[in-house]
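Visitor: Here the sequence shown is numbered in the numbering used here, starting from 385 and rising by one per residue.
It is worth saying that the hints were derived from the structure and are not from the lab.
Check before you lean on any hint, since a few could be wrong.
What the hints assert, rightly or not - Calculated pairs, DSS-like style, for lysine-lysine (alpha carbon to alpha carbon, straight line, at most 25 Å):
#: 1; residue 1: Lys603; residue 2: Lys560
#: 2; residue 1: Lys598; residue 2: Lys560
#: 3; residue 1: Lys613; residue 2: Lys603
#: 4; residue 1: Lys613; residue 2: Lys598
#: 5; residue 1: Lys560; residue 2: Lys527
#: 6; residue 1: Lys560; residue 2: Lys613
As the list claims (entries may be wrong) - FRET-style restraints, in silico, Cβ to Cβ:
#: 7; residue 1: Gln508; residue 2: Thr595; range: 41 to 47 Å
#: 8; residue 1: Thr536; residue 2: Asn512; range: 17 to 23 Å
#: 9; residue 1: Ser523; residue 2: Gln416; range: 33 to 39 Å
#: 10; residue 1: Asp534; residue 2: Gln571; range: 51 to 57 Å
#: 11; residue 1: Ala505; residue 2: Val408; range: 29 to 35 Å
C-beta atoms are modelled at their ideal positions from N, C-alpha and C, and glycine is treated no differently.
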Amino acid sequence: MPVPQQLTLAIEHPLEQRLDNFVVGNNDELLQVLRAPVQHFVGLWVYGDISSGRSHLLRGRCLRALELGESACYVSCADYEHNPGGLLAALEYAGAHGQVVALDDLQHLPHQQEMHNAVMAIYQRVLNEQGVLLVTHNSSAAKVDFLTPDLTSRMRSLQHYQIVPLDDAAKVRLLKQRAHQRGYALQQPVLDYWLARGPRSLGALLTDLETLDKASLVKKSPVTIPLLKQVLGY
Numbered sequence: 385m386p387v388p389q390q391l392t393l394a395i396e397h398p399l400e401q402r403l404d405n406f407v408v409g410n411n412d413e414l415l416q417v418l419r420a421p422v423q424h425f426v427g428l429w430v431y432g433d434i435s436s437g438r439s440h441l442l443r444g445r446c447l448r449a450l451e452l453g454e455s456a457c458y459v460s461c462a463d464y465e466h467n468p469g470g471l472l473a474a475l476e477y478a479g480a481h482g483q484v485v486a487l488d489d490l491q492h493l494p495h496q497q498e499m500h501n502a503v504m505a506i507y508q509r510v511l512n513e514q515g516v517l518l519v520t521h522n523s524s525a526a527k528v529d530f531l532t533p534d535l536t537s538r539m540r541s542l543q544h545y546q547i548v549p550l551d552d553a554a555k556v557r558l559l560k561q562r563a564h565q566r567g568y569a570l571q572q573p574v575l576d577y578w579l580a581r582g583p584r585s586l587g588a589l590l591t592d593l594e595t596l597d598k599a600s601l602v603k604k605s606p607v608t609i610p611l612l613k614q615v616l617g618y
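Given these sequences and hints, build the entire structure.
Guide: The structure is reproduced here in structure tokens:
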């Protein structure tokens with residue numbers, strides 16, 4: 385069976401998502417666990433809002449594994465929402481490979497026995513090999529029921545971390561970082577105006593940043609308050 389494309393390309397990203405460029409906020413303990421050397425099985429269930437940085441952390445941990453000479457498999461269940469066959473192939477591959485296995489957006493896992501069996505096989509192999517299993521979801525595993533009691537029990541036994549949302553100061557740092565990665569600077573007056581009048585959701589802010597970035601390129605203009613008003617309407 386050919387290696388699913390998702391597993392070979394999933395940790396590539398236009399803005400490389402690494403542990404060292406994750407804006408930590410009040411999530412220091414989780415970052416320390418992800419950075420710590422692996423001496424025994426580590427299983428983490430990470431949950432929080434969809435725009436909280438869950439995928440960033442999983443991709444970052446996989447990149448760290450590759451830099452350390454470890455093998456890593458990353459599977460985004462959301463990417464296979466309309467391709468259950470592809471998802472099953474990716475899960476089965478991860479069940480046979482990878483010292484670090486990251487299962488992102490597990491809330492998109494179909495409620496099918498073969499899918500749940502594949503996740504159970506991943507857990508068991510990573511446990512036996514004393515590797516790292518990382519899972520993200522919208523909710524705590526305490527609120528999630530799988531098709532088999534064994535899988536439910538295993539997922540609920542993982543260390544649980546809820547990502548703490550960023551405060552305004554951390555949002556500013558993140559927006560500045562993302563702009564810097566694109567080759568320009570966001571000035572503080574622009575950020576102050578934006579946060580005072582724009583959305584509070586980090587996901588919405590990042591979407592707005594993409595819109596501003598494109599408008600800035602088209603108009604060949606820096607991101608200013610007038611441009612922000614024109615493009616975003618705030």
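Visitor: Each hint needs a verdict: does it hold in this structure or not?
Guide: These are the hints, each one checked on the structure:
{"no.": "1", "hint": "Lys603 with Lys560", "in the structure": "20 Å, holds"}
{"no.": "2", "hint": "Lys598 with Lys560", "in the structure": "16 Å, holds"}
{"no.": "3", "hint": "Lys613 with Lys603", "in the structure": "14 Å, holds"}
{"no.": "4", "hint": "Lys613 with Lys598", "in the structure": "15 Å, holds"}
{"no.": "5", "hint": "Lys560 with Lys527", "in the structure": "36 Å, violated"}
{"no.": "6", "hint": "Lys560 with Lys613", "in the structure": "19 Å, holds"}
{"no.": "7", "hint": "Gln508 with Thr595: 41 to 47 Å", "in the structure": "45 Å, holds"}
{"no.": "8", "hint": "Thr536 with Asn512: 17 to 23 Å", "in the structure": "20 Å, holds"}
{"no.": "9", "hint": "Ser523 with Gln416: 33 to 39 Å", "in the structure": "24 Å, violated"}
{"no.": "10", "hint": "Asp534 with Gln571: 51 to 57 Å", "in the structure": "55 Å, holds"}
{"no.": "11", "hint": "Ala505 with Val408: 29 to 35 Å", "in the structure": "33 Å, holds"}
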